[in-house]
Amino acid sequence: MPNTQPGEITGEPEVALADVTPLVQLVSPTGERVVEPDNATYRSRVDHLTSEDLRALYRDMVLTRRFDDEATALQRQGELALYAQGRGQEAAQVGSASALAPQDYVFPSYREHGVLHVRGVDPVDRLRLYRGEDHGGWDTAAFNVHLYTLVIGSHVLHATGYAMGVQRDGAVGTGDPARDTAVVTYFGDGATSQGDVSEGLVFAAVNNSPVVFFCQNNQWAISEPTSRQTRVPLYRRGEGFGIPSVRVDGNDVLACYAVTAEALERAHSGGGPTFIEAYTYRMGAHTTSDDPTRYRDRAEEEYWRQRDPIDRLEALLRAEGAWDDAWAAAVDADADALGERLRTEVRELGAPPTTTMFEHVYATEHAQVTTERAWFEEYEAETEASR
Amino acid sequence: MSETLTFARAITEGLRSSLESDEKVLVMGEDVGRLGGVFRVTDGLQKDFGADRVVDTPLAESGIVGTAIGLALRGYRPVCEIQFDGFVFPAYDQITTQLAKMHYRSRGRLQVPVVIRIPYGGGIGAVEHHSESPEALFAHTPGLRVVSPSTPQDAYDMIRAAVASPDPVLFFEPKGRYWTKGDVTTSDYPTTSAAGAADVLNRARVARAGTDVTLVAYGPTVTTALKAADALAAEGTSAEVIDLRSVSPLDVPAVARSVERTGRCVVVHEAPSFLGAGAEVAARISEECFYALEAPVLRVGGFHAPYPVAKLEHEYLPSVDRVVDAVDRALAF
Numbered sequence: 001m002p003n004t005q006p007g008e009i010t011g012e013p014e015v016a017l018a019d020v021t022p023l024v025q026l027v028s029p030t031g032e033r034v035v036e037p038d039n040a041t042y043r044s045r046v047d048h049l050t051s052e053d054l055r056a057l058y059r060d061m062v063l064t065r066r067f068d069d070e071a072t073a074l075q076r077q078g079e080l081a082l083y084a085q086g087r088g089q090e091a092a093q094v095g096s097a098s099a100l101a102p103q104d105y106v107f108p109s110y111r112e113h114g115v116l117h118v119r120g121v122d123p124v125d126r127l128r129l130y131r132g133e134d135h136g137g138w139d140t141a142a143f144n145v146h147l148y149t150l151v152i153g154s155h156v157l158h159a160t161g162y163a164m165g166v167q168r169d170g171a172v173g174t175g176d177p178a179r180d181t182a183v184v185t186y187f188g189d190g191a192t193s194q195g196d197v198s199e200g201l202v203f204a205a206v207n208n209s210p211v212v213f214f215c216q217n218n219q220w221a222i223s224e225p226t227s228r229q230t231r232v233p234l235y236r237r238g239e240g241f242g243i244p245s246v247r248v249d250g251n252d253v254l255a256c257y258a259v260t261a262e263a264l265e266r267a268h269s270g271g272g273p274t275f276i277e278a279y280t281y282r283m284g285a286h287t288t289s290d291d292p293t294r295y296r297d298r299a300e301e302e303y304w305r306q307r308d309p310i311d312r313l314e315a316l317l318r319a320e321g322a323w324d325d326a327w328a329a330a331v332d333a334d335a336d337a338l339g340e341r342l343r344t345e346v347r348e349l350g351a352p353p354t355t356t357m358f359e360h361v362y363a364t365e366h367a368q369v370t371t372e373r374a375w376f377e378e379y380e381a382e383t384e385a386s387r
Numbered sequence: 388m389s390e391t392l393t394f395a396r397a398i399t400e401g402l403r404s405s406l407e408s409d410e411k412v413l414v415m416g417e418d419v420g421r422l423g424g425v426f427r428v429t430d431g432l433q434k435d436f437g438a439d440r441v442v443d444t445p446l447a448e449s450g451i452v453g454t455a456i457g458l459a460l461r462g463y464r465p466v467c468e469i470q471f472d473g474f475v476f477p478a479y480d481q482i483t484t485q486l487a488k489m490h491y492r493s494r495g496r497l498q499v500p501v502v503i504r505i506p507y508g509g510g511i512g513a514v515e516h517h518s519e520s521p522e523a524l525f526a527h528t529p530g531l532r533v534v535s536p537s538t539p540q541d542a543y544d545m546i547r548a549a550v551a552s553p554d555p556v557l558f559f560e561p562k563g564r565y566w567t568k569g570d571v572t573t574s575d576y577p578t579t580s581a582a583g584a585a586d587v588l589n590r591a592r593v594a595r596a597g598t599d600v601t602l603v604a605y606g607p608t609v610t611t612a613l614k615a616a617d618a619l620a621a622e623g624t625s626a627e628v629i630d631l632r633s634v635s636p637l638d639v640p641a642v643a644r645s646v647e648r649t650g651r652c653v654v655v656h657e658a659p660s661f662l663g664a665g666a667e668v669a670a671r672i673s674e675e676c677f678y679a680l681e682a683p684v685l686r687v688g689g690f691h692a693p694y695p696v697a698k699l700e701h702e703y704l705p706s707v708d709r710v711v712d713a714v715d716r717a718l719a720f
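Protein chains in written order, with this note's numbering: chain C, 1 to 387; chain F, 388 to 720.
Quick caveat, the hints were computed from the structure, so don't treat them as lab data. Quantities reported herein were computed from a predicted structural model and do not represent experimental measurements. Careful, some of the hints might be misleading.
Claimed, not checked - Okay, derived cross-link-like pairs now, SDA-like style, lysine to any residue, Cα gap no bigger than 20 Å in a straight line: (1) K411(F) - A171(C); (2) K614(F) - D715(F); (3) K411(F) - G195(C); (4) K434(F) - G462(F); (5) K411(F) - G242(C); (6) K411(F) - R87(C).
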């Protein structure tokens, strides 16, 4: 339901929207299992997760948040040019990424630090882009994770094209769980207004491509609330393109896992695309250059703080007797070690050699680059010699 | 084997050859399948290679190029058709912010061998947005190759090289020349390696030898320059015509070698002169041939006005008379 009338401009927070629009939820904000007739199929998708699995999800979320906190601090200390915070979105990212098969391919936006964590991308490499040391930072083929894309929504088309390639490779619908391949692309509420996202939905729909469109509706596109992007809940955008669509509680890691598992099964089996709206909240700023106090109030932030995805999973673990203080202490120690490593190794990242700016502009000889590089190298050598 | 082909058919046969030699090659765009493209350049290809390889896409240029990038990341070599020059701009973001930079930002780990074919140029009496020459807008973006053949043989050779190139290529086809014919050697052409492809795409060629002035052109204006050279010959002036073939990179040495001998240079293109490819040629020749120049490098191009209505386009486009006029001015120094 639209929470504002057409044409109406409002600065009011949308805190009530989650409560009035149905969404898939398996764990309540207070940590109880949600058992209802209409979430039975989703419940069945997490039945096999053991206490140990739940603790692993918790650990991934805690490490993701520590990464976030450390990166934010490093930016404040001048060690990063910028950082886009993911605080509050750990369940959406860790839950969805944990459902992926190794051969599945991810096209992230630029805030998917939890997805990268789950896929194994080294935490230092994840910050090269934000340090201004690299425009990418990792070997995409090693993790089946594409580089971050900063132009909002552009990568949604890359994901769709990649999935069209998967279809041409015959890597869908074979029934071989090691072969059938899906593509997952992450983007936000703001990105849904971009033409490229709509075009990605069109191409995926008419080609029945194995893409999961994972939209993290974190309520804010920098300073603009979701009501500036849409008059319908975002999952209904997917429906408009004829794509099965679902809205999920993005702060419920099990629900995010379940809806993603369902979407992946559809993609792997040749059933085509799915649109997932993960309803969550950006607890931090858009980036370290942003100041949310200018456009949203503390009541809203407090509302969502009480729905913190990590607290929710802790409550579930405790309620189910799966919490273990010694284990929790070990997780904290791992987080401390991660922080220590980031503080040390990110600072040690130097600037690449100057001539690397001329490398890989083209894969083949291009006279303009060759000429300018030769000039620059001579200029540098002469400047060096005259010192 | 040599046969007489139209310029358009030479591209068709080049695409056919590429589709045959590499199963990863795809052709995609609006109406390229059953219809064979609005200019029939892809005529017959879907029938021969199937709808999975010659793909009718939704009507969305950004979607065409954006999905082509994804296909390339999966190992395919898509050849996209943009229906007309003026319709490329919805894809401009994908081309300049994504396609051009993917190899660079991945430090060479990723390659995106995407070809974007664009029928361009005027003189065909078309309506708005169907006659433009936007090549400089792409040449200004590092990471892209921008080429334009002027003969059926080059159309055949260069489209094959473009498909074989590991770098993205903007392939500008002078639509006004689609129906001109020429002999094309289509067999015994060596399989094009990455380096071989670059070599084909990097080089300008001397379209006509001469001694008094160098005319620099590419795509549709090569014919104009050659006609001007005929007219000048009748007046006793020997013009050399350089067909650039590539706008990015520019084969500056080829132009410089000519200007070192002639001392005069006139650049001709349909795109507006202001900040066009001719401006770069003029700057580079001024830098590299300063002591050989007898006159400033002059440009003959479109004006700094939107492409005019068809009834006026022949006054807008570089004509033989305007080229001869520029040569006369150069000779007067």
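Status of each hint after checking the structure:
Simply put, K411(F) and A171(C) have alpha-carbon atoms about 15 Å apart, close enough for the 20 Å limit, and the pair holds. Of the supplied pair hints, the one linking K614(F) and D715(F) holds, its CA atoms being roughly 15 Å apart against a limit of 20 Å. Taking the CA atoms of K411(F) and G195(C), the gap is about 28 Å. The hint is violated against a cut of 20 Å. Proposed proximity of K434(F) and G462(F) is contradicted: the alpha carbons are some 23 Å apart, above 20 Å.
As the CA atoms of K411(F) and G242(C) are separated by approximately 30 Å, the hinted pair breaks the 20 Å bound. Among the hinted pairs, K411(F) with R87(C) is inconsistent with the structure: their alpha-carbon atoms are about 42 Å apart, more than 20 Å.
When held up to the earlier numbered hints, the structure conflicts with 3, 4, 5, 6 and fits the remainder.
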